[in-house]
Amino acid sequence: MGVFYSFLATVAIVLCVSIGVLGLGWISLFTIVIPYAAAGLFIVGLIYRVLKWGSSPVPFHIPTTSGQQRSLPWIKPNNIDSPYTQGGVLARIALEVLCFRSLFWNERVELKRAYELLFKRNLYLWFGGLAFHWALLIILIRHLRFFTEPVPSFVLLIQGLDGIVQSIAPALFISNLFILGGLLYLFVRRVIYPQMRYISLPSDYLALFILLSVVFSGLLMRFFFKADLVKVKGWVMGMLSFNPVPLEGMTLLFYIHLFFISFLIAYFPFSKMIHMAGIFLSPTRNLSNHSRHQRHINPWDKPVKVHTYEEYEDEFREVMKEVHLPIEKE
Amino acid sequence: MKMAEDRASQEERYRIDYTPPKRSWMEPNVQFRKGTYCYPASLKHQKYLELPNQREWQPTEEDWKLPKNWKEIILEGMKDRLGRYRSFKLFLDICVRCGACADKCHSFIGSGDPKNMPVLRAELLRSVYRRYFTLTGRIFGRLAGARELTEDVLKEWFYYFYQCTECRRCSVFCPYGIDTCEITMMARELLNLVGCNINWIVEPASNCYRTGNHLGVAPHAFKTTMDFAADEVKEITGIEIEIPINRKGAEVLFIAPSADYFASPHWYTFLGYLILFHEIGLDYTWSTYASEGGNFGLFHSMELAKRLNAKMYAEAKRLKVKWILGGECGHMWRVIHQYMDTLNGPADFLGEPVSPITGTHFENARSTKMVHIGEFTADLVKNNKLKLDPSRNDHWKVTFHDSCNTARSMGLIEEPRYILHQVCNHFYEMPENTIKERTFCCGSGSGLGSDENIETRLRGGLPRANAVKYVKEQFGVNLVTCICAIDRATLPPLFEYWVPGMEVSGLHELVGNAIVMKGESERKTDLRGKILNSLTPPSIPTGRGEGEGEGHDHV
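Just so you know, the sequences run in chain order A and B. Numbered by this note's numbering, the letters in the first sequence go through residues 1 to 330 in order. Numbered by this note's numbering, the letters in the second sequence go through residues 1001 to 1555 in order.
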C-alpha cells in the first residue's frame, strides 16, 4: 500500500512538471520561484528543527555504554564505546557518522531449529547504507562546480578520483554505481523482507522514490540527454547572487531533475531524513560515561514528596527498640 | 509454572512464528491472554503512593475506568515530556525504520510478535505523536504514519510497554542510538497519569517507600535475618561475625538489593558479602531505612524513582558515613550510575570514596560517592588483600551473565570477570553475541518478573537461555553467575524450563566460598551447605550435538 501511494506521488510529480513546463511554459516558476522556496524551507526548516530539539533539555546523563568504563587504573577502559573524555565522545560520534559503526555490528538472528538461535554477522545494511550516503556526499561535492567560480581544487580532486574508472568506462563515476546500488538495495529490502514491509510507512518509500528519481534523471542527463552545463552554471550563479534569470531551453529531463531536488530539500527537514542533524544530538551517543565522576544537572528538577527517616522511625520505633536497633528518639 | 504440564503442548503454545500478520499494525488489536500480561496495581498500594486515578480494574475487562478526560491528560503529558526530555522528542523524530533493532530484542526473538520489534514498539507511540504534534501527521494522517489516540491504542500501549524490559540492547545497534528504554519510560509515565500500572512494580515501590525495601521487611525482621545469617556463617566457617545495623559514624554505608537478604539463591551472595566484610575488617553498617538497593520507581516514573532513591543519601547523611558501597544489582546501578547524583545530589556531605584496605581512590565515583562492590572487590583481589582458594569452587563450571544495566548503562564489564578468574578455576564465556554490551536480558527486567506473565518471561528469556544451553553442552557449565538480583530471582525458573539443571548464583557467593578466613575451621560445605568433597566437577558431555564446528556463532 505504502509503495503504491508513494509511487503514485512520484509519477504525479513528473506529470506536473511536464505539464507545467511543456504545456504552460512556467519556466520561471520551476527555475526561480520553486528552487528559492525550497532552499528557504530547507534552511529555515533545518534551523527550526535543531532549535526545537535544543529547546528540550537533557535532564539525565544516559549514554549507552558499549564498552568497559573507566574505573580502576589497571583495567583498560574503552574510550570510544564508553567514552570518558570529550575526545572519546567526538571519536564515537565521528565513527558513527562517517562509518556507521553501530550498523557495522549488525547481526541477524535465525531459528536454526525450534528454540535454537543462530547469530550471523550481517553487513548488507551497513554496506548498502554507507554506499548510498557516501556516494550522495561525493555527488554533492561534485555538483559544487556549478556553485563556485573558480572551482575549488578539492572539488576537482574528488571529481578526478570519482572518475578514475573513466579510462575503461567513459563518463562513468564510481559514485553513480554506488548511489544507484545503495538506493535499490534499501528499496528492495523494504519490499522483500516481511518484517521490513510490515514496518515501512508510505513516507519511507517516498523518500527512496524521490532520491531514486533525482539519481535516475541525473544519470539520464549524464549519459543520454546532455544538458548545456555552461548555461546551467550561469543560471546557478545568477540565483546565488540574487539576480535570477529563468533558465530556458533545457530538456524536460533537466526540469524534472531540478524539481525533484527542490522537492527533496524542501521535504528534508519535515521528514525522517532530518536524522542527518539529529544524530549529533542523540544523548545516548553524545554524552561521556562519567556520571559518577561529575554531576549532571537537571534544569527542571523539583522537590518530591519523600518518606523521611523520622516518619519511618515513628512507625517502627517500638519494634526497633525490641531488637535493640539504635534509634534517634526514645 | 506448572512443570508437570505436558511439554509437547507447551512447546506448541510457545511456538515462534516470525511471519507478520496481514492486518496493518496501525489498527490496534490486543488480546489480554493469560500468561502474557501483568496484573494491575492493588488499590492499597495505589493509595499509599498517592497515584492518580485510584481504582480496582482489570486489563481483560472492556471498561478500564479511565478518567473522563483521559485523552487530554495523555496528550498534555506528552507535550510536557516532549519539552522536558530531548531524548523523547529526538527519538520520536529521527527513526528511519531501518529495522536494525528488530532482531536485537529478546521480546521479539522469543515471541515473533512484530510489535515487539523496538522500532514498532516505538511506532505505537510515535504514530500518536505524529497525529497531534507534527504538521505532516496532522495533514496527511495515516499516509504520514499518524493515528488517532483511542482507548484501543492505549490498551495496546499497556500491553507492549509492559513487555519491554528497558534493557537497552536495541540502542547499542541503532545507528542513531535510539533507546527504546527511554520511549518505554515515557510511555509508562503517560500510562501512569491515567492510572494504568502493574502491581509487580507498584507494590514493591510502595513497600520500599514505607519500610525501606521492596519486600516490605520491617526493621525487626531485618535484624532477625541478619542474626540468622551470622549464625549460618558461623556454622560454615566457624567464625563469629558481627553485622552492624544503623550504626552511626561507620566509614561505609552498605546497600544491597533486599532480595539478597531474603530470597534464594540471593542469600548465598549475601553470606559472601558478610564474609568479605568481616575478613577485611571493614568499618561499615547496614541500614534498615535504606535497606533497598533496587528502585522499582524507575519502572514507574522518574518522580517515584527520585522519591525512593532519596533515602540513600538521606541515610548516609544521618549515619554520618564517609561514602556508600553498593551490592550486586542491575537496575539499582542504572539509577546510581546515571541518575542518583542528578536526582538527589550533590552529596557534598560525603567524602571521595577511598578503600580503607588498599588506599585506592575510586576517582570514577568522586562525585556520586558510591562504589560498586565489583569495583571494590576487584581492587582488593588485585592488591592481594584476600587469601583465596579457588578450588573451593571446583564443583562449579561457571559462566557469567552480564546484567543489562551494568553492561549498557555503566560499562562494568571486566571487574566481575577479573574477580571470577581469581575465585574459580573453571570459567567459560558464552558466545560473544550474547555477552558484555550485547548481553541478553533475563526477559523479566523492569518490573516484569511476576508469575502471571510467565509466558512472556519464558519467551523473552529464550535468547539468554539458549546461550546458556550452548555453554552447558560445549563445556559442561553448571552455574550462571550474575550481578543482578532480578536475574537471581528470574533466571532459575527460566533455566528450569529451557536448560534444566542449571544453577544461578551471585558473584560474591563464589567470592565467599573462596575466601580463606583468618582462623576459620576447615570448610566442609560451600555457602549453599553442599558437602564440598563429595562434589566433583561435571565432565564435558561427549555428544555435542549438531552445534559442533560452528564455533561461537551457534547459540
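For the record, the hints were derived by calculation from the structure and aren't laboratory data. Don't take each hint at face value.
[What the hints assert, rightly or not] Listed next, the in silico DSBU-like pairs over lysine-lysine satisfying Cα-Cα at most 35 Å (straight line):
(1) A:Lys-302 x A:Lys-52
(2) B:Lys-1320 x B:Lys-1234
(3) B:Lys-1387 x A:Lys-329
(4) A:Lys-305 x B:Lys-1022
(5) A:Lys-305 x B:Lys-1518
(6) B:Lys-1387 x A:Lys-302
(7) B:Lys-1530 x A:Lys-305
(8) B:Lys-1382 x A:Lys-52
(9) B:Lys-1155 x B:Lys-1022
(10) A:Lys-321 x B:Lys-1155
(11) B:Lys-1047 x A:Lys-302
(12) B:Lys-1068 x A:Lys-329
(13) B:Lys-1382 x B:Lys-1322
(14) A:Lys-321 x B:Lys-1317
(15) B:Lys-1387 x A:Lys-305
(16) A:Lys-321 x B:Lys-1518
(17) B:Lys-1518 x A:Lys-272
(18) B:Lys-1248 x A:Lys-302
(19) B:Lys-1320 x A:Lys-305
(20) B:Lys-1524 x B:Lys-1382
(21) A:Lys-329 x B:Lys-1047
(22) B:Lys-1248 x B:Lys-1234
(23) A:Lys-302 x B:Lys-1518
(24) A:Lys-302 x B:Lys-1079
(25) B:Lys-1518 x B:Lys-1317
(26) B:Lys-1155 x B:Lys-1248
(27) B:Lys-1047 x B:Lys-1248
(28) B:Lys-1022 x B:Lys-1034
(29) B:Lys-1155 x B:Lys-1071
(30) B:Lys-1387 x A:Lys-272
(31) A:Lys-302 x B:Lys-1382
[Said to hold, decoys possible] Here chain A is said to cover these stretches of chain B; the calculated rule only asks that three of the stretch's residues, wherever they fall, bring their Cβ under 8 Å from a Cβ of chain A:
(32) 1123-1137
(33) 1189-1200
(34) 1254-1265
(35) 1462-1468
Computed from a predicted structure; not experimentally measured. C-beta: ideal position from N, C-alpha, C; glycine also.
Right, here's what the structure says about each hint:
1. A:Lys-302 x A:Lys-52: Roughly 23 Å between the alpha carbons, so the hint for Lys-302 of chain A and Lys-52 of chain A holds.
2. B:Lys-1320 x B:Lys-1234: With Cα atoms ~30 Å apart, Lys-1320 of chain B and Lys-1234 of chain B stay inside 35 Å; holds.
3. B:Lys-1387 x A:Lys-329: The given pair, whose Cα atoms are some 43 Å apart, is violated under the 35 Å limit.
4. A:Lys-305 x B:Lys-1022: Cα-Cα ~48 Å, so violated.
5. A:Lys-305 x B:Lys-1518: Measuring from Cα to Cα gives roughly 47 Å; hence the hint is violated.
6. B:Lys-1387 x A:Lys-302: At roughly 48 Å apart (the allowed maximum being 35 Å), Lys-302 of chain A and Lys-1387 of chain B break the hint.
7. B:Lys-1530 x A:Lys-305: 47 Å, violated
8. B:Lys-1382 x A:Lys-52: 49 Å, violated
9. B:Lys-1155 x B:Lys-1022: Since the Cα atoms of Lys-1155 of chain B and Lys-1022 of chain B sit roughly 21 Å apart, the hinted pair holds (cutoff 35 Å).
10. A:Lys-321 x B:Lys-1155: 48 Å, violated
11. B:Lys-1047 x A:Lys-302: 22 Å, holds
12. B:Lys-1068 x A:Lys-329: 47 Å, violated
13. B:Lys-1382 x B:Lys-1322: Given pair Lys-1382 of chain B, Lys-1322 of chain B holds - Cα atoms ~23 Å apart, limit 35 Å.
14. A:Lys-321 x B:Lys-1317: Holds - the C-alpha atoms of Lys-1317 of chain B and Lys-321 of chain A are around 22 Å apart, at most 35 Å.
15. B:Lys-1387 x A:Lys-305: 46 Å, violated
16. A:Lys-321 x B:Lys-1518: 34 Å, holds
17. B:Lys-1518 x A:Lys-272: 64 Å, violated
18. B:Lys-1248 x A:Lys-302: 30 Å, holds
19. B:Lys-1320 x A:Lys-305: 23 Å, holds
20. B:Lys-1524 x B:Lys-1382: 27 Å, holds
21. A:Lys-329 x B:Lys-1047: Answer holds: Lys-329 of chain A to Lys-1047 of chain B is near 28 Å, not above 35 Å.
22. B:Lys-1248 x B:Lys-1234: 26 Å, holds
23. A:Lys-302 x B:Lys-1518: At roughly 50 Å apart (the allowed maximum being 35 Å), Lys-1518 of chain B and Lys-302 of chain A break the hint.
24. A:Lys-302 x B:Lys-1079: Within the cut-off at roughly 18 Å; holds.
25. B:Lys-1518 x B:Lys-1317: Holds, at about 33 Å.
26. B:Lys-1155 x B:Lys-1248: 49 Å, violated
27. B:Lys-1047 x B:Lys-1248: Distance of about 33 Å is within 35 Å: holds.
28. B:Lys-1022 x B:Lys-1034: With a Cα-Cα distance of about 24 Å, the restraint between Lys-1022 of chain B and Lys-1034 of chain B holds, given a limit of 35 Å.
29. B:Lys-1155 x B:Lys-1071: Since the Cα atoms of Lys-1155 of chain B and Lys-1071 of chain B sit roughly 13 Å apart, the hinted pair holds (cutoff 35 Å).
30. B:Lys-1387 x A:Lys-272: 58 Å, violated
31. A:Lys-302 x B:Lys-1382: 42 Å, violated
32. 1123-1137: Three-residue rule met by the region 1123-1137 of chain B, so holds; n is 4.
33. 1189-1200: violated (count 0)
34. 1254-1265: Three-residue rule not met by the region 1254-1265 of chain B, so violated; n is 0.
35. 1462-1468: Holds: 3 residues of the region 1462-1468 of chain B have a Cβ under 8 Å from chain A.
The earlier numbered hints that this structure contradicts are 3, 4, 5, 6, 7, 8, 10, 12, 15, 17, 23, 26, 30, 31, 33 and 34.
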